[in-house]
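Participant: Sequence order for the protein chains is A and P.
Under this note's numbering, think of the first position of the first sequence as 1, with each following residue one higher.
Under this note's numbering, think of the first position of the second sequence as 1, with each following residue one higher.
Source of the hints: derived by calculation from the structure; they are not laboratory data.
There may be inaccurate statements among the hints.
[To be verified] Stretch by stretch, here's where chain A covers chain P in the computed footprint (C-beta under 8 Å, at least three residues): (1) 100-114; (2) 125-134; (3) 205-215.
All C-beta atoms in this analysis are idealised placements derived from N, C-alpha and C, irrespective of residue type, glycine included.
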Amino acid sequence: MSETPGTATDPRATGEPVPAGAAADHGKTGATIELENLTKRYPGSAAPAVDNVNMEIKAGEIVIFVGPSGCGKSTTLKMINRLIEPTGGRIRIAGEDVTHMDPVKLRRKIGYAIQASGLFPHMTVAQNIALVPKMVGWPKSKIDARVEEMLDLVGLDPGEFHGRYPRQLSGGQQQRVGVARALAADPPVLLMDEPFGAVDPITRDHLQDELIRLQRELHKTIVFVTHDFDEAIKLGDRIAVLRERSRIAQFDTPEAILTNPADDFVSGFVGAGAALKRLNLTRVRDVEITDYPTVKIDDPLQDVFDKLRSGSTNEILLLDKRGRPYKWLRRGDLMRAKGSLARAGTLVADTVTRDATLRDALEAVLTDNTGRVAVTGRRGEYEGVVDMETLMNSVHELLEADRLDAIEHQHQLEEARADQTHADQEGDGGGARA
Amino acid sequence: MNFWDFVRSTHEQLLTDAYQHASAVFQCMVVATVLGVLIGVATYRSEWAGNLATLTTSTILTIPSLAMIGLLIPVVGLGVAPTVIALTLYGLLPIVRNSIVGLRGVDPTLVDAAKGIGMSRVARLLRIELPLAWPPILTGIRVSTQMLMGIAAIAAYASGPGLGNEIFRGIASLGSANALNQVLAGTLGIIVLALLFDAAYVLIGRLTIPRGIRV
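With the hints as constraints, model all of the structure from the sequences given.
Facilitator: As structure tokens, then:
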């Protein structure tokens with residue numbers, strides 16, 4: 001692993017723990033986290049629960065701890081904010097050793113989001129979010145503004161949700177508020193312990209997309225624990241696959257883990273369908289989005305006619321008043337329409353955003369009987385179209401590139417191994433290890 | 001003389017007794033609440049300490065009230081002192097037990113979350129655990145008050161204040177013209193006081209239990 005030289009020179013990333021009140025002006029960037037020989041041994045049990053973990057997490061990346069239940073991933077996470085005190089080793093955040101600092105002060109600089117949100121039921125949404133800023137002594141006006149800002153950031157209307165109690169929210173909304181609370185005092189580091197474990201799959205999908213969007217704006221250092229490998233692939237910049245006692249089986253990018261699992265344990269965890277899972281790693285923004293002839297719903301009918309006849313395609317996308325995809329119109333539809341678009345064409349069943357994964361796009365393309373899916377922007381407005389052919393080509397290119405990477409990686413490994421063997425034979429047994 | 005005539009003719013005395021009764025119960029409740037919650041806070045995190053506190057307070061409750069006051073008289077004398085001590089001790093059990101149950105019942109993930117966002121031990125207790133445990137604690141206080149209303153009547157035995165004096169006077173002069181009326185007036189007075197206090201607790205509950213956890 002590199003020494004993360006890039007972040008060491010970044011003045012904001014190295015910024016030592018400023019009084020948390022100033023944290024907000026301190027720029028929206030993460031901090032490095034280094035774990036050195038981190039160990040947790042519970043009294044009365046022979047084997048340590050977490051055994052000698054070494055890891056370097058770069059500033060601004062999302063690292064996912066994934067592993068079977070009971071492997072110690074959660075314990076490792078909780079040692080970072082010292083909810084569980086390590087019995088050995090060291091933790092450095094932004095270069096500063098935090099292993100022995102006051103845990104209460106430490107935790108105020110680390111966002112913490114947990115499963116089922118952990119919102120306090122007797123406080124309103126606003127009070128929950130304001131907790132940490134209040135504790136670190138922000139002035140009231142700044143806190144109020146911050147609460148509004150955070151609600152907005154996680155996609156909840158401040159006016160509507162401000163005064164609500166947690167039980168008046170859906171599971172997904174609670175989780176959003178949980179994230180808002182964790183980020184309220186603008187901590188450089190965010191720890192998330194299976195945060196989306198208790199919500200339904202559709203909401204989970206939305207929350208994951210939201211987290212990706214948030215992270216593109218905020219660039220926090222996020223450590224995220226899950227047992228769901230698909231979630232890990234979707235969210236992670238790098239994934240640490242952990243086996244029992246939190247030993248790192250592989251710590252690498254999702255692409256590398258999918259195409260080149262380190263051992264049987266990892267490949268067992270990756271599971272079947274690695275090629276399909278690979279689709280989760282690429283987003284619609286990475287493939288070519290083609291333009292498609294469109295008409296507005298309030299365009300005169302004659303224009304629609306002309307466009308259809310002159311266009312190269314025998315279909316045309318009808319947009320509603322706000323520019324959102326509304327209907328696919330075919331030539332035949334128009335003949336039957338007789339002066340009104342109200343009953344012509346087929347409704348657009350599904351759209352994807354640029355942040356959607358190729359898997360989502362493929363799903364949409366497969367279910368749409370036109371064999372293509374409209375891509376939309378933030379407010380649902382039309383941006384382009386992705387079709388089956390584009391998807392197929394992209395996937396082939398991706399898999400080909402992965403294969404080449406894997407071969408090269410294999411090559412390097414073999415070389416390294418050969419060097420090692422060579423060195424072992426030269427030296428007298430195990431002394432000279434670089 | 002029928003009951004209403006009796007009440008009308010002695011209403012000044014009755015009101016004084018009722019006021020003293022209510023005041024004694026109220027003051028003892030304040031002391032018992034403070035003590036009870038403190039004991040609960042001090043013991044809820046340890047299995048045996050919590051059990052010991054519950055066991056001790058429930059043992060106190062099994063001592064017959066007449067005996068308790070009788071035992072206290074040689075130590076602290078007659079009057080207000082034995083009344084206050086006895087009532088406070090009796091009032092402890094429901095409060096201690098409900099404090100412990102309430103504090104132990106707070107969802108551990110919430111405590112974990114509070115810790116995780118950097119709340120100190122004291123802040124956790126005051127801002128998370130006690131507010132969440134408050135509904136059961138308030139119930140304990142309510143039960144306790146009902147109990148003390150009745151027990152306070154015994155205080156008259158030790159020349160203490162309250163409506164018990166009416167009852168004891170009536171019992172002492174059984175057979176005389178107003179004996180029954182006196183007992184009845186004392187008893188009904190206590191019942192009315194208990195109902196008034198209960199209404200007050202409903203109001204307190206409305207005002208102090210946050211809307212987010214009100215059932």
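Participant: Take the hints in turn and mark each one as holding or not.
Facilitator: A quick look at each hint next to the structure:
{"no.": "1", "hint": "100-114", "result": "holds (count 5)"}
{"no.": "2", "hint": "125-134", "result": "holds (count 3)"}
{"no.": "3", "hint": "205-215", "result": "holds (count 4)"}
Hint compliance for this structure: no hint is broken.
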